[in-house]
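Enquirer: Given next are the chains, with one letter for each unit.
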Amino acid sequence: MASFLGKLRFLKSPLTRRLATSVDASYKDSLPAKVSGHPEAEIKRWWAITLWMIGVCAVTRVYQMMDENHGKRPEFIPYQHLRIRKKAFPWKEGSQKTLFWCPITNAGSEGYLEMTPDEELKWGKYLHGH
Amino acid sequence: MKSVSNKFLVSAKGFAAYFFSGKQSVVYYSTSVVRTPYHVVDPSPWPMIMGANLWGVAAMFICWVNEISLDSLYWGIPLFVLTFYSWVRDIINEATFQGFHTEKVQSGLTLGFILFLISELMLFFSFFWAFFHSALSSSVEIGCCWPPVGLECLDWSKVPLHNTALLVASSASITLSHNYLQWGDIWVATATYIATLGLSVMFIKNQYEEYAWSSFSISDGVYGSCFFMLTGLHGLHVIGGTCGLLFCFVRMMLLQFSSEHHVALTLAIWYWHFVDIVWLGLFFIIYIWGS
Numbered sequence: 001m002a003s004f005l006g007k008l009r010f011l012k013s014p015l016t017r018r019l020a021t022s023v024d025a026s027y028k029d030s031l032p033a034k035v036s037g038h039p040e041a042e043i044k045r046w047w048a049i050t051l052w053m054i055g056v057c058a059v060t061r062v063y064q065m066m067d068e069n070h071g072k073r074p075e076f077i078p079y080q081h082l083r084i085r086k087k088a089f090p091w092k093e094g095s096q097k098t099l100f101w102c103p104i105t106n107a108g109s110e111g112y113l114e115m116t117p118d119e120e121l122k123w124g125k126y127l128h129g130h
Numbered sequence: 001m002k003s004v005s006n007k008f009l010v011s012a013k014g015f016a017a018y019f020f021s022g023k024q025s026v027v028y029y030s031t032s033v034v035r036t037p038y039h040v041v042d043p044s045p046w047p048m049i050m051g052a053n054l055w056g057v058a059a060m061f062i063c064w065v066n067e068i069s070l071d072s073l074y075w076g077i078p079l080f081v082l083t084f085y086s087w088v089r090d091i092i093n094e095a096t097f098q099g100f101h102t103e104k105v106q107s108g109l110t111l112g113f114i115l116f117l118i119s120e121l122m123l124f125f126s127f128f129w130a131f132f133h134s135a136l137s138s139s140v141e142i143g144c145c146w147p148p149v150g151l152e153c154l155d156w157s158k159v160p161l162h163n164t165a166l167l168v169a170s171s172a173s174i175t176l177s178h179n180y181l182q183w184g185d186i187w188v189a190t191a192t193y194i195a196t197l198g199l200s201v202m203f204i205k206n207q208y209e210e211y212a213w214s215s216f217s218i219s220d221g222v223y224g225s226c227f228f229m230l231t232g233l234h235g236l237h238v239i240g241g242t243c244g245l246l247f248c249f250v251r252m253m254l255l256q257f258s259s260e261h262h263v264a265l266t267l268a269i270w271y272w273h274f275v276d277i278v279w280l281g282l283f284f285i286i287y288i289w290g291s
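In order, the protein sequences belong to chains R and C.
Its first residue numbered 1, the first sequence is counted upward by one per residue in the working numbering.
Its first residue numbered 1, the second sequence is counted upward by one per residue in the working numbering.
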């Protein structure tokens with residue numbers, strides 16, 4: 001126990017320095033050479049870009065969720081150039097199922113596969129709801 | 001406790017000391033020290049061990065894909081973690097605590113990283129080439145059209161657009177964080193850094209959801225192969241970039257960066273911008289043009 005707390009000693013210096021309030025760090029005293037001549041304008045510009053982009057993220061997220069159609073099953077046509085199964089994947093059921101297998105939208109080489117009980121639990125509600 | 005560990009250091013003086021003591025065990029003194037701004041690195045076992053280890057990891061993957069028994073290769077993963085940890089710890093010791101990283105060394109590291117980014121760009125370039133090869137002159141097997149017959153493409157204005165917004169926002173917020181660090185205000189830098197990490201996690205989650213619901217897979221002809229090779233490789237780069245940013249975040253919290261000297265953070269941010277630019281290429285070429 002004591003040796004474990006002893007190992008945490010490396011945190012003492014950073015924590016002490018961070019929580020110290022006696023030194024008032026003013027950027028004007030130690031303006032680094034790399035920052036441009038008008039740091040206030042630059043920071044304001046980046047705040048504007050960041051906040052606008054977060055707004056755009058919110059809008060696109062809402063738009064994305066509007067048309068979420070999880071239960072839809074595309075019509076199955078046995079094309080030769082799709083659902084190629086020449087070599088099995090190295091996981092269980094690799095001869096039919098891909099890595100991100102979705103039993104609702106992904107079909108085997110001959111048609112949509114029967115759902116296993118585990119899959120039925122997870123995906124069943126989407127399929128039967130439509 | 002301390003005296004016991006010291007005795008262990010003095011008596012062991014071997015590789016074991018690196019693992020168990022957490023301190024640099026052996027210091028090599030040379031009789032004459034040449035004063036150069038370059039860093040002549042002390043002899044280290046990590047590059048060779050890492051080389052052998054990566055062979056083991058590659059062998060693991062080959063055995064897994066060809067369904068050969070992996071039993072004799074499981075040492076690869078823990079050894080990788082240990083070697084990586086030890087090597088990076090040594091670099092941090094040399095740089096932050098021993099002060100070997102002069103401006104010359106910093107610029108050398110930066111140049112090396114730029115070359116690494118160019119090699120990553122070449123990797124993506126080759127897969128984009130494959131995509132254009134198949135898309136510009138579509139073969140008769142897929143119906144002489146692009147996207148191939150019978151393949152339902154993803155709507156670019158839904159998930160991909162949101163992903164684009166997330167990555168661009170995260171690039172902007174990490175730039176903001178970097179500016180605040182250079183300015184000296186570490187608290188706001190921390191807050192914006194956490195926002196960046198949050199946005200990247202949202203991207204990864206969103207991309208995973210899209211993969212989980214996609215109606216086509218990697219084995220759906222050349223379209224599926226190109227699409228998942230490119231987006232999958234990009235996704236791995238995002239995960240790697242996020243790990244790099246997280247690592248630098250921890251170092252920033254431990255106050256190992258100053259407002260002028262923070263090479264690791266700068267390079268991690270460049271990697272993040274690179275990942276963002278590759279995604280923009282993916283978005284416009286694969287998602288919009290390719291559908």
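Keep in mind that the hints were calculated from the coordinates and are not lab data.
Think of the CB as a built atom: it goes at the ideal place given N, C-alpha and C, for glycine as much as any other residue.
Keep in mind that the hints are not guaranteed to be accurate.
Stated by the list, open to error - Simulated restraints on C-beta separations:
#1 Val-250/C with Arg-45/R: 24 to 30 Å
#2 Ser-126/C with Ser-13/R: 42 to 48 Å
#3 Val-105/C with Arg-45/R: 28 to 34 Å
Unchecked claim - Calculated cross-link-like contacts (lysine to aspartate or glutamate; reagent style EDC-like; alpha-carbon spacing at most 16 Å):
#4 Lys-122/R with Glu-260/C
#5 Lys-97/R with Asp-67/R
#6 Lys-125/R with Glu-110/R
#7 Lys-97/R with Glu-110/R
#8 Lys-86/R with Glu-110/R
#9 Lys-72/R with Asp-155/C
#10 Lys-92/R with Glu-67/C
#11 Lys-97/R with Glu-114/R
#12 Lys-158/C with Asp-118/R
#13 Lys-104/C with Asp-90/C
#14 Lys-97/R with Glu-68/R
#15 Lys-104/C with Glu-260/C
#16 Lys-158/C with Glu-110/R
#17 Lys-72/R with Asp-185/C
#18 Lys-87/R with Glu-210/C
#19 Lys-72/R with Glu-94/C
#20 Lys-92/R with Glu-119/R
#21 Lys-158/C with Asp-90/C
#22 Lys-158/C with Glu-209/C
#23 Lys-44/R with Asp-185/C
#24 Lys-92/R with Asp-118/R
#25 Lys-125/R with Glu-68/R
Enquirer: Run every hint past the structure and note whether it holds.
Expert: Cross-check of the supplied hints:
Range check, Val-250/C to Arg-45/R: about 29 Å between beta-carbon atoms, so the 24 to 30 Å window is met. Between Ser-126/C and Ser-13/R the beta carbons are some 47 Å apart, a value that agrees with the proposed interval 42 to 48 Å. Look at Val-105/C against Arg-45/R: about 32 Å separates their beta carbons, and that is inside 28 to 34 Å. Proposed proximity of Lys-122/R and Glu-260/C is contradicted: the alpha carbons are some 51 Å apart, above 16 Å.
The suggested pairing of Lys-97/R with Asp-67/R is violated, with an alpha-carbon distance near 27 Å, which exceeds 16 Å. Distance restraint check for Lys-125/R and Glu-110/R: the Cα-Cα separation of roughly 24 Å exceeds the 16 Å cut-off, and the hinted pair is therefore not satisfied. Between the alpha carbons of Lys-97/R and Glu-110/R the distance comes to roughly 13 Å, so the proposed pair stays at or under 16 Å and holds. A C-alpha spacing of about 14 Å is found between Lys-86/R and Glu-110/R, which places the hinted pair at or below 16 Å, so the restraint holds.
For a cut-off of 16 Å, the pair hint linking Lys-72/R to Asp-155/C stands: about 14 Å separates their Cα positions. For a cut-off of 16 Å, the pair hint linking Lys-92/R to Glu-67/C stands: about 11 Å separates their Cα positions. The hinted pair formed by Lys-97/R and Glu-114/R meets the criterion: a straight-line CA distance of about 12 Å does not exceed 16 Å. For a cut-off of 16 Å, the pair hint linking Lys-158/C to Asp-118/R is broken: about 29 Å separates their Cα positions.
Proposed proximity of Lys-104/C and Asp-90/C is contradicted: the alpha carbons are some 19 Å apart, above 16 Å. Our distance criterion of 16 Å between C-alpha atoms is broken by Lys-97/R and Glu-68/R, whose separation comes to about 24 Å. Taken as a hint, the Lys-104/C and Glu-260/C pair is honoured in the structure, with Cα atoms around 14 Å apart against an allowance of 16 Å. As the CA atoms of Lys-158/C and Glu-110/R are separated by approximately 30 Å, the hinted pair breaks the 16 Å bound.
This hinted pair does not check out: Lys-72/R and Asp-185/C have alpha carbons roughly 51 Å apart, beyond 16 Å. A hinted pair counts as satisfied when its Cα atoms are at most 16 Å apart, and Lys-87/R with Glu-210/C does not qualify at roughly 25 Å. Pair hint Lys-72/R plus Glu-94/C does not hold up; C-alpha atoms about 57 Å apart against a cutoff of 16 Å. For the given pair, Lys-92/R sits about 15 Å from Glu-119/R by alpha-carbon distance, which is consistent with the 16 Å threshold.
Restraint check for Lys-158/C and Asp-90/C: not satisfied, since their Cα atoms lie roughly 45 Å apart, outside the 16 Å limit. Restraint check for Lys-158/C and Glu-209/C: the C-alpha separation of about 12 Å stays at or below 16 Å, so the hint holds. At roughly 15 Å between alpha-carbon atoms, Lys-44/R and Asp-185/C fall within 16 Å of each other, so this suggested pair holds. In summary, the hint linking Lys-92/R to Asp-118/R is supported, as the alpha carbons are separated by about 14 Å, within the 16 Å threshold.
Among the hinted pairs, Lys-125/R with Glu-68/R is consistent with the structure: their alpha-carbon atoms are about 15 Å apart, no more than 16 Å.
When held up to the earlier numbered hints, the structure conflicts with 4, 5, 6, 12, 13, 14, 16, 17, 18, 19, 21 and fits the remainder.
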